Amino acid sequence: MENQHPADEKPPLFPSWNYWYVLVIAWLVLLIVLFYCFTKTFS
Amino acid sequence: MSILDWVVLVGTLTMIILYGVWKSRGQRNMESYFLDNQSMPWYIVLLSIIGTQASAVTFISAPGQAYTDGMRFVQYYFGLPIAMVVLCITFVPIFHKLKVYTAYEFLERRFDLKTRTLASSLFLIQRGLSTGISICAPSIILSSLLGWNLYWTNMIMGGLLIIYTVAGGTRAVAYTQTFQLVIIFGGMFLAGWMVVHLLPADIGFKEALQVSGKMDKLNVIVTKFDWQDKYNIWSGIIGGFFLALSYFGTDQSQVGRYITAKSVKESRLGLLMNGLVKVPMQFVILLIGALVFVFYLYFRAPIFFNEAQLAKVHRTEQGAALMALEKEYDDLGKIKQAQVKNLAAAIEGGSHERIASAKSELKATDTRSQEVRNSAISLIKKADPTADPNDTNYIFLHFVVNSLPKGLVGLLIAIIFLAAWGSIAAALNSLASTTVIDIYQRIYNKEASPEHYLKVSKLWTLVWGVFCIAVAQFAGSLGSLIEVVNVLGSWFYGVILGIFMVAFYMKKVGGTATFWSAVVSEIVVLVIYWTGTVSFLWLNAIGCLLVILLAYLFQLFLEKPRVANS
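Protein chains in written order, with this note's numbering: chain A, 72 to 114; chain B, 33 to 598.
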């Protein structure tokens, strides 16, 4: 159980975890927009 | 089921058990048994989180939900990605920093022993009972569809996984979940492909989507706000957020998955990836249901998908009336078959007027069919008051058993078992860890050897397994089991989440104020439920907010303000 301090753990791909959080929320927004278009296209 | 189906079913289940037993080697103490020495990479954490949340009912019920109500159920998961972000910011670093085995350990560091014991006890009651019901729910459906004995189906559904869960603890649970999910996703993809393949030759995937959409089954987004409507974008984001936060943040069956990661980074990645994949995954499962709806426009659908229940009513004095309704329903089905072909041709032709006209005709017949179906359901209830009038959970498996080729039926039935095993194994593991870490070791036996604690941990996993199977054997008479599980959760989740919210965000509130606020809130929640004042779905929010409010007030009157030391 040798954990680094959370502050020391850099995320992969991005310089900070905030970018990951923004990515997850942006992905959700994108999905909602795509689902909205999907609903409208086929209704 | 054919011999080939039995070979596939038994072979798949045996393979999983052997794999689980093989992965069970090397357990030497509680740390390896419950945390796997915190060695899991993020992708195992991710699959374990998904495998724990996706129970058998997920794969049985979701396609049926899309069949009856369209795909809007996916909005229920919109709050989940936001909850994953909050967990990564707040919960994960603290759980890792304190190196806890269970979420409730944190409550003693933040508050005191009595608050920890209260939260862990509420979890044990809720998770123990709901796991028993989770064993029974798919067993009832399978035993009804395939004519199996319910007692033995419960034993296999809840019993065989105990072998590797007792032997291998968290490691066996996580690695078997990974393997199980590969089979589950493969099987579900094949089922989805088969639905389209079995449609008439001129109806492909695109045409099936167009027909499904015209029949309002692709209603993924509903923007209209309505307090009475469970599934719209607003209830999905707000209600789904609180539900996901309490489930992933305070339920040990989930916390126990991501605290096994080898670092905060791996835990966070597992949770964030879950935030990325969960919504699309549910979308695909629901899409299969929307396609099954199109399938049953072209081919005969029974008036009620629980055909064992139908057969029961046929043997009563209501049998003749039911037969007349079935005849009318089948006649309407034939009309719908002609009308759906007309609609598909109109869509192909592209004339808006012709499409509108064909759609209107088909919808009118479908509405009439629904009325006849509702009359049949009323008749079933009249003939057998104990019957569950909801056949949503039977729709997808009815399609599987009656329409899929030999071999694939066995695989899909195996998937139901594997999905059940994944979530039940995680539940047993979490029940044992909470019992041993939060109750046995903390209160009754603080100074035993690592070997003793390992032995006790295995024993409690076995005890909880037996307990859950026993609950399953009695749960069959409780009515709609899906709703019973949700009601049980809503009794306790809100209060437990409230305790954690106070712990994280109200640093000046102490243990005594939190403990008594939780006790009072739990009583109030139960009273509200029994008086039937509000729908049970609101109890999560009420319980959580009550704990926060009362803890603040009690702190003002009972204790001097204190500053949390963690």
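Please note that the accuracy of each hint is not assured.
[To be verified] DSSO-like, lysine-lysine: derived pairs with alpha carbons at most 30 angstroms apart:
1) K111/A with K373/B
2) K359/B with K129/B
3) K238/B with K111/A
4) K81/A with K414/B
5) K131/B with K414/B
6) K111/A with K256/B
7) K366/B with K344/B
8) K359/B with K294/B
Hints were generated in silico from the structure; no laboratory data involved. Since this is a predicted model, take the numbers as computed values, not measurements.
Results of checking the hints against the structure:
no.: 1; hint: K111/A with K373/B; verdict: holds, 22 angstroms
no.: 2; hint: K359/B with K129/B; verdict: violated, 66 angstroms
no.: 3; hint: K238/B with K111/A; verdict: holds, 15 angstroms
no.: 4; hint: K81/A with K414/B; verdict: violated, 63 angstroms
no.: 5; hint: K131/B with K414/B; verdict: violated, 57 angstroms
no.: 6; hint: K111/A with K256/B; verdict: holds, 14 angstroms
no.: 7; hint: K366/B with K344/B; verdict: holds, 26 angstroms
no.: 8; hint: K359/B with K294/B; verdict: violated, 61 angstroms
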